[in-house]
Amino acid sequence: DVKVTQSSRYLVKRTGEKVFLECVQDMDHENMFWYRQDPGLGLRLIYFSYDVKMKEKGDIPEGYSVSREKKERFSLILESASTNQTSMYLCASSSWGNTDTQYFGPGTRLTVL
Amino acid sequence: GQQVMQIPQYQHVQEGEDFTTYCNSSTTLSNIQWYKQRPGGHPVFLIQLVKSGEVKKQKRLTFQFGEAKKNSSLHITATQTTDVGTYFCATGSGNTGKLIFGQGTTLQVKP
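Which chain is which? The protein sequence lines are D and P, in order.
Residue numbers for the first sequence follow my numbering, beginning at 206 and rising by one.
Residue numbers for the second sequence follow my numbering, beginning at 787 and rising by one.
Hints were generated in silico from the structure; no laboratory data involved.
Don't take every hint at face value.
[What the hints assert, rightly or not] Ranges of calculated distance between the beta carbons of each label pair, as one might list FRET restraints:
hint	chain 1	residue 1	chain 2	residue 2	range
1	D	THR288	P	GLN844	18 to 24 Å
2	P	GLN844	D	ASP233	24 to 30 Å
3	D	LEU246	P	HIS798	16 to 22 Å
4	D	SER285	P	GLN844	44 to 50 Å
5	P	PRO825	D	ASN289	37 to 43 Å
6	D	LYS223	P	THR814	40 to 46 Å
7	D	PRO266	P	LYS856	26 to 32 Å
No residue lacks a Cβ here, since even glycine has one placed at the ideal position from N, Cα and C.
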């Protein structure tokens with residue numbers, strides 16, 4: 206079974222803090238994704254990576270950066286957290302090609318105070 | 787860019803009633819995937835459709851891909867409380883591995 210894990214299920218941070226969200230997958234997938242999910246807005250893509258050290262902006266990259274130094278690990282960084290970044294963050298991975306299933310991690314519920 | 791519109795946004799049904807969610811696009815889609823997210827959970831892949839007019843069944847769930855490959859539907863026969871959750875459709879975007887997700891339909895089932 207594919208396993209995608211995220212470093213925290215719940216996280217509370219203060220405005221202005223630097224926040225790191227970690228995601229690890231164990232299936233040697235090329236693609237990894239970061240989404241945020243808010244009520245009524247569905248899943249919005251923040252960034253994705255199709256190879257080590259490669260990244261592309263998604264639909265809402267502002268205020269976020271990412272890092273992929275190893276194939277299995279994809280990190281989402283909030284350089285200076287703000288209250289409007291309070292959300293559920295979901296990581297996903299898939300193998301190459303747009304017909305391939307995405308496997309999601311359990312999510313991190315981030316609250317920024 | 788490519789978009790998929792999903793309706794309805796919410797649906798409340800009595801247990802035993804049927805339920806359908808629709809996914810529509812103005813452009814031809816290469817494929818459609820369906821995901822289910824239980825309350826408090828994460829999206830889980832259900833099925834993929836790639837052929838025009840394709841119909842697939844999983845027990846009480848029936849998935850259809852339109853003849854023009856611009857729409858898709860998920861129909862649940864005789865809903866059960868275990869069907870509660872949000873159902874998302876998604877389609878591939880170019881050759882990048884990205885998926886474009888619909889807004890989701892949240893189903894609530896009254897016992």
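Hint by hint, which ones does the structure fall short of?
The structure conflicts with hints 1, 5, although it agrees with all the remaining ones.
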